[in-house]
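S.K.: Sequence:
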Amino acid sequence: MDGKKCRTFGIVSIVCACVSLILFGALLDVVGFVFGMIALNKSKKLVVAASQDVYARDAMKLAKIGVVLSLVAFIANLLTAAFLAPALMQGGGVSGPMF
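Quick note, our numbering runs 6 ahead of the 1-based positions in the sequence shown.
Hints in this document: simulated from the structure, not taken from any laboratory. Hints are not guaranteed to be accurate.
As the list claims (entries may be wrong) - Straight-line alpha carbon distances no greater than 30 Å define the calculated DSS-like cross-link-like pairs of lysine-lysine that follow: (1) Lys11 x Lys70; (2) Lys51 x Lys67; (3) Lys10 x Lys67; (4) Lys50 x Lys70; (5) Lys11 x Lys51; (6) Lys11 x Lys50; (7) Lys51 x Lys10; (8) Lys10 x Lys70; (9) Lys50 x Lys67; (10) Lys70 x Lys51; (11) Lys67 x Lys11; (12) Lys10 x Lys50.
Unchecked claim - Pairwise CB distance ranges, derived in the manner of DEER restraints: (13) Met7 x Ala91: 20 to 26 Å; (14) Arg63 x Gly97: 50 to 56 Å; (15) Pro92 x Ser57: 51 to 57 Å; (16) Thr86 x Lys50: 28 to 34 Å.
The beta carbon of each residue, even a glycine, is placed where N, CA and C say it ideally should be.
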């Protein structure tokens, strides 16, 4: 895998993490994490092979950011689900008048 593909995988990981926060997609967090880990592993190999390659280092930075954002989004989605689950189990939705 070349540096451009690693960079693209890192960007996909970041986008998946951000979209999953907005649309509450815990599965999308996992997809973003997998893309980020693939990009991180491949970009580490590229950096070791060519340590002067700036493109490979940037790809590694993007992959690290994508992995961290995916983990943060996953934790946020889990906490949201944990706090909303009791209210949903009781059958209580949003209280207030229905228009």
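S.K.: Under the criterion that the straight-line Cα-Cα distance not exceed 30 Å, is the pair Lys11, Lys51 satisfied?
M.R.: 13 Å, holds
S.K.: Is it true that the CA of Lys50 sits at most 30 Å from the CA of Lys67?
M.R.: Answer holds: Lys50 to Lys67 is near 10 Å, not above 30 Å.
S.K.: Run the distance test for Lys11 versus Lys50: straight-line Cα separation, threshold 30 Å.
M.R.: 13 Å, holds
S.K.: Against the 30 Å threshold, does the CA-CA distance of Lys10 and Lys70 hold or violate the hint?
M.R.: Holds, because 15 Å separates the two Cα atoms, which is no more than 30 Å.
S.K.: Is 51 to 57 Å a correct range for the gap between the Cβ atoms of Pro92 and Ser57?
M.R.: 52 Å, holds
S.K.: Is Lys51 within 30 Å of Lys10, Cα to Cα?
M.R.: 14 Å, holds
S.K.: With respect to the beta-carbon atoms only, verify the hint that Thr86 and Lys50 lie 28 to 34 Å apart.
M.R.: 32 Å, holds
S.K.: Taking only the CA atoms, is the gap from Lys10 to Lys50 under or equal to 30 Å?
M.R.: Given pair Lys10, Lys50 holds - Cα atoms ~13 Å apart, limit 30 Å.
S.K.: Within 30 Å, alpha carbon to alpha carbon, are Lys11 and Lys70?
M.R.: Roughly 15 Å separates the two Cα atoms, so the pair holds.
S.K.: Given the hint that Lys67 pairs with Lys11, test it: the Cα-Cα distance must not exceed 30 Å.
M.R.: 14 Å, holds
S.K.: Quick one: are Met7 and Ala91 within 20 to 26 Å, going by C-beta?
M.R.: 40 Å, violated
S.K.: Does the structure keep Lys50 and Lys70 at a Cα separation of 30 Å or less?
M.R.: 11 Å, holds
In this structure, the one hint that does not hold is number 13.
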